[in-house]
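Sequences listed follow chains X and A, in order. According to our numbering, the first sequence is numbered sequentially starting from 9. According to our numbering, the second sequence is numbered sequentially starting from 7.
Hint data in this document are derived by calculation from the structure and do not stem from the laboratory. A hint or two may mislead.
DSS-like cross-link-like pairs, simulated, lysine-lysine; straight-line CA separation at most 30 Å [as the list claims (entries may be wrong)]:
id: 1; chain 1: A; residue 1: Lys143; chain 2: X; residue 2: Lys25
id: 2; chain 1: X; residue 1: Lys25; chain 2: A; residue 2: Lys211
id: 3; chain 1: A; residue 1: Lys194; chain 2: A; residue 2: Lys211
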Amino acid sequence: MHSIFQDLRFGLRMLAKNPGITLVAIFTLGLGIGANTATFSLSNTFLRKPVSFPEVQRLVMVLNHAPGQQGQDWSSASPADFLDWKKEARSFVGLAGYQWADVNLTGAGEPVKAQGFRVTPDFFDVLGIRAALGRGFVAGEDIPGQDARVILSYGLWTQQFASDPRIVGKTVKLDGRPCEIVGVMRQDLNFPASAALWIPMTFSTDEKQDRTSHKVYPLGRLKSGVSLRQAQAEMNAIQQRMPSLYPATETGWSITVQDLGEFVAGYGRGYMLLMLGAVGFVLLIACANVTNLLLVRSTSRQNELAIRRALGGSRARVIRQLLIESLLLGMGGSVAGLLLGAWGISLLRGNMPPEVSRYIPSWNKVGLDREVFLYTLAVACVAGIIAGLVPAFQGSDSDSSEMLRAGQRAGSTRSRTRLRNAFIVAEISLSLVLLVGAALMSKGVRSLFASNFKSDPQSVLTMRVALPGSKYATPSQRSAFYDRFLERIRELHEVDSATVASVIPYDNEDDTPAFSIEGQPRQLGELRTAERNSVGPDYFRLLRVRLMEGREFTDRDSADSPRAAIVSESLARRYWPGTSALGRRLKIGDDDSKTPWVTVIGVVADLDYSPWEHDLVRAIYFPYRQDPHASSYIAIRASADLRSIIPAVKTALSSVDPDQPVYDILPYERVISDQILGLAYVAVVMGVLGLMALVMSAIGVSGVMAYSVTQRMQEIGLRMALGARPRDVLGLFLGGGLKLLAIGTAIGLPASYALARLLSSLLYGVRAADFFSYASGAILLAVVVVLGCYIPARRATRVDPMRALRYE
Amino acid sequence: MEPLIRLRNLEKSYDLAGGKYFVLRRVSLDIEPGEFVTVMGPSGAGKSTLLSILGMLDGAWSGEYFFLEQPVHKLSVKQRNELHKANIGFVFQSYHLIDNLTVYENLEIPLSYRNIPHKERVSLVCDALDRFNIVGKKDLFPNQLSGGQQQLVGVARAVIQRPKLILADEPTGNLHSAQGDEIMQLFKKLNEAGTTIIQVTHSEKNATYGNRIVQLGDGWVVNQSTPTAAGGA
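Could you build all of it, start to finish, from the sequences and the hints given here?
Structure follows, in structure tokens:
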């Protein structure tokens with residue numbers, strides 16, 4: 009033990025003796041460790057602790073996969089399927105369900121739209137949590153007529169009800185319907201994400217037989233002793249019986265039982281793992297840099313190390329001493345890393361808009377906690393060992409007899425030079441992989457923006473209305489509301505055009521029912537869905553969507569006129585290839601559903617409705633007067649500053665219905681960017697990591713080149729004395745650097761492509777083989793590496809030959 | 007009494023383009039315990055190489071080498087290291103002190119490599135400092151000492167673990183004559199106390215401190231003789 013303290017003391021002394029190298033090494037390691045710290049704190053919360061419930065490992069989601077869907081592509085369950093599973097499955101202590109339900113909350117201050125969820129009575133029991141005030145739902149409250157109950161979230165209770173301790177038992181109106189407040193949930197409950205209130209889930213008689221509307225999210229708690237695999241096997245067996253009973257709706261469908269944490273992490277999981285991998289690369293680059301520094305330093309310590317061996321120090325003992333020194337560097341790096349990591353975390357958290365962060369589970373828990381601190385220490389130790397391992401083995405291999413012979417001096421052998429060069433090549437390869445990854449992601453984000461920025465969203469204001477069923481029960485009532493509201497809005501002189509739409513591209517809504525084509529019955533197992541959008545006449549003009557064929561909707565497309573539809577170009581091409589789609593007929597629902605056939609009157613260019621679909625989504629548009637939705641968007645294109653028209657729009661609304669709130673009032677530009685924000689975040693992080701890698705590679709190459717110049721000083725002098733010109737000397741060193749660059753690029757490019765192909769599911773808006781991304785990454789790296797070589801190489805051209813020949 | 011060292015047909019060579027280059031050729035030698043042997047010869051005769059082999063710092067040779075009756079030529083690297091650690095101390099021409107360690111720490115290093123407990127190390131180092139009159143310099147670094155003082159520390163380091171054999175490679179080569187005399191007197195005392203010493207030197211005067219001279223030439227042992235005068239004369 010004392011000898012370890014001895015080595016620690018000597019190590020500190022050695023580091024203090026070379027402050028320049030020590031500080032560079034600590035800073036370099038600190039960059040790599042700091043990036044890991046920040047990313048780990050995100051991923052630790054996001055992947056490992058996205059939700060916090062008692063025995064959370066036993067909570068699972070039961071997901072449906074439509075024919076053709078797999079992995080992260082899934083559907084929710086239909087009401088009838090959910091009820092069947094609830095009845096038949098034996099693997100669960102309880103199988104609850106929830107579904108999204110935006111509601112208008114009135115009777116407590118200004119009307120607000122609240123993000124609600126309909127839940128089964130056993131929902132909170134399955135989660136294993138109790139209300140902070142009052143109670144959860146009880147059996148019987150899921151019967152229509154008995155369901156006028158509501159449970160508030162802690163956030164809603166504090167913001168809307170001023171934390172009234174006597175709130176339980178009071179009444180509020182949800183969509184105009186009085187509901188009794190029976191409880192307030194705990195502050196830390198954020199499931200489902202963004203929940204403001206919970207109301208009982210009820211099914212009508214028709215809904216209990218409905219196997220086509222997939223809107224229920226089943227959540228189960230596994231019984232003690234039942235594994236996820238066993239539950240999966242049981243659900244597979246249940247699903248296997250379904251096609252024979254309900255062939256039209258169940259053929260080709262499958263079920264996945266998924267851990268709740270994995271479900272909550274969702275698509276983000278892949279990106280978290282990508283970022284963890286990327287910061288791992290950055291750390292390796294940092295270690296390679298420090299390894300080269302230590303290799304250079306060990307060359308000058310060869311004498312000392314040989315003496316230690318000659319005095320009886322075993323190789324293991326010398327290696328231990330050198331590793332302790334590099335561990336000390338790692339510890340220094342951990343301090344720098346914690347500071348940089350904390351700064352990185354605060355940047356990430358500070359720049360995430362609340363409209364997005366409310367959907368990210370446990371976002372508020374991201375920070376420096378005990379686990380992150382311990383992780384940082386572990387990474388620092390590993391980094392210190394990795395960085396010091398090769399120099400320790402190299403340095404301890406000193407041939408004592410050669411080194412201690414009188415007159416011998418330390419020098420760099422060819423093998424050491426090759427080793428240093430190998431690390432430079434590794435750095436270049438890793439940097440190139442990061443740069444290409446960053447280029448791919450940022451190009452993808454830019455093209456996603458571009459595809460929707462064709463609609464000039466910066467001058468479009470969007471907002472949402474959710475019409476309560478109690479007041480707008482019939483289509484004509486809803487239609488009349490939109491007519492009056494749009495009329496009022498169009499009277500405002502700043503408004504160029506206004507329209508209504510049940511869905512707008514890149515929003516959070518999703519309405520993709522099955523549909524049927526006249527004369528083309530659906531094959532068993534065929535998935536035939538499309539984005540259904542009920543829109544006003546100005547919709548396509550407002551969003552700058554090109555009409556390819558036929559006509560757009562007009563005011564004449566009313567509830568009394570023949571039913572009409574406009575389809576997207578890709579849908580027309582798929583189902584009527586080579587012919588016109590005009591005059592063809594289709595309908596929502598299966599072939600034998602009772603919904604009326606509609607006639608195609610127009611074909612429009614495809615719109616990119618979701619950044620998360622690799623292919624463009626097919627769409628069917630209906631005139632809103634023939635299919636008015638309770639929940640819709642209002643889109644307004646204005647010539648003035650968008651913020652300035654908001655009060656006038658609200659006034660217009662209150663003149664139509666003073667009790668009707670409007671919410672999510674945002675510039676359309678913001679709607680689009682918020683959807684892609686997560687992806688943009690990842691792209692920015694990858695860009696920053698790529699930049700870090702670039703800087704470290706430049707420092708590494710420059711350092712090795714500078715050392716090489718110093719080592720070869722006499723050789724340079726001799727060459728010049730023999731007639732070499734400055735450009736010959738420059739070429740000598742630049743040529744060496746370019747050779748390393750070429751080898752590193754030759755390794756890095758295929759490695760980048762292989763990784764891009766492997767991770768192609770994470771790329772949106774760009775192909776894995778995008779030439780521009782690879783070329784730009786390679787060119788940027790080449791410029792930086794050449795600069796890194798040029799500066800020290802230029803120094804070599806200024807050597808005085810006579811002085812160099814006397815150089816020791 | 008068996009010799010401390012027995013060499014039989016010891017050879018060391020390098021493979022060069024034109025053939026083998028021999029540094030040592032068929033060296034056969036016996037060194038008795040308590041001897042003070044001087045190895046002399048012109049530059050390139052193989053003197054330092056012989057010393058490295060005797061000190062088990064160089065393992066690339068052929069022939070037979072017995073140390074305390076142990077066949078060194080048959081031992082593994084680890085076994086040689088253990089044998090060397092336990093029995094041999096080295097004194098270098100360039101002192102070869104570790105620059106970043108104090109005098110105290112330089113003396114302690116070989117003891118630490120022999121896993122001697124801390125308290126015992128402290129005791130041995132203090133004894134050595136006292137014995138060599140360098141107590142006042144224990145906290146100084148080598149670059150704060152004169153050449154003679156550095157070599158004194160080098161000798162103290164070599165003898166601190168009481169080796170049976172001291173190998174000295176040009177121990178006074180970087181010292182002026184007065185300092186050199188001091189060091190040689192020290193060696194004499196150590197030898198009189200029973201330590202076997204083998205030194206490599208060009209100095210005829212230093213050779214007189216020993217009781218046998220082995221002459222090397224082109225890697226061969228060309229002559230063995232006794233010094234014509236007693237040490238220091």
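Structure-based check of each hint:
no. : hint                  : result
1   : Lys143/A <-> Lys25/X  : holds, 21 Å
2   : Lys25/X <-> Lys211/A  : violated, 41 Å
3   : Lys194/A <-> Lys211/A : holds, 13 Å
Of the hints listed earlier, the one the structure fails to meet is number 2.
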